[in-house]
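Those letters in the sequence shown? Residues -6 to 226, by the working numbering.
It is worth saying that the hints were derived from the structure and are not from the lab. C-beta atoms are modelled at their ideal positions from N, C-alpha and C, and glycine is treated no differently. Any given hint could be a false lead.
[To be verified] Label pairs and their in silico Cβ distance ranges: (1) Gly126 to Gln195: 18 to 24 Å; (2) Gly26 to Ala127: 29 to 35 Å; (3) Thr48 to Ala139: 42 to 48 Å.
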Amino acid sequence: MTMSHPTLHPQHRTLLTLMVLCAALATITSEAGLLHWHWLFKPLTMVIAIVLVATSAYPISARGQFDSKSWWLLGAALVGSLAGDAFLVVEGFFIPGLVSFLLAHIAYIVLFRQGVAWLPRPGALAATLGVGGAMYAYLWQGGLPAELRIPVAVYVTAIALMAAQALGRASVLGDRAARQVALGACFFMLSDSLLATNRFVQPLPLAQVGVLATYYAAQAFIVHGMVAGLRRK
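Please build the complete structure, drawing on both the sequences and the hints.
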């Protein structure tokens, strides 16, 4: 995972590098079965992301140039993701994990709405809903448990809306930071598709590598793109 970060303060570049390093360790330890280390590095990755956002926001707020709603929404999305990560490492807590990530996606949807219209590109919405609908049909046919059909349908709809809003935002704003955010949203859809396929349809080779690498790429691109964009305001 590589990205340039010309608009970030050196301290924040260090935090971003630590986030990516911690994400790599979380992925490696999961695939290697080193669960105690994985349980350390997985939440720590998102904690570093939250610290990065907080330390980026603070000097801007001190100068009185603070879009507080956007910063709080970004923080809320990361906290929801952190809770989801924690729940999903515990057997039997899939639904709480799903709800946590659903709330994170709702925060991202509202965040990506700031400064642009709701779902400004109908083509992007049609594409993400089409991909989400196809994935949901695949999961249903592959053996998605009956008690999870409605929760998963709600979640699939939410993440499709999140990706559509991010793609529309990138099209409207047209800058590099917004495109990074949109790329992160697409990685999120890919990660969740791999996770659901592995969990409900069939085991995938190197499943944890695929799921976690795309998940952390999603979060890193979203965090970097949003922080870079908000710091320019």
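To see whether the hints hold, each was checked on the structure:
1. Separated by about 20 Å at the C-beta atoms, Gly126 and Gln195 satisfy the suggested range of 18 to 24 Å.
2. Between Gly26 and Ala127 the beta carbons are some 32 Å apart, a value that agrees with the proposed interval 29 to 35 Å.
3. At about 46 Å, the beta-carbon gap between Thr48 and Ala139 stays in the expected band of 42 to 48 Å.
Comparing the model with each numbered hint stated earlier shows that all of them hold.
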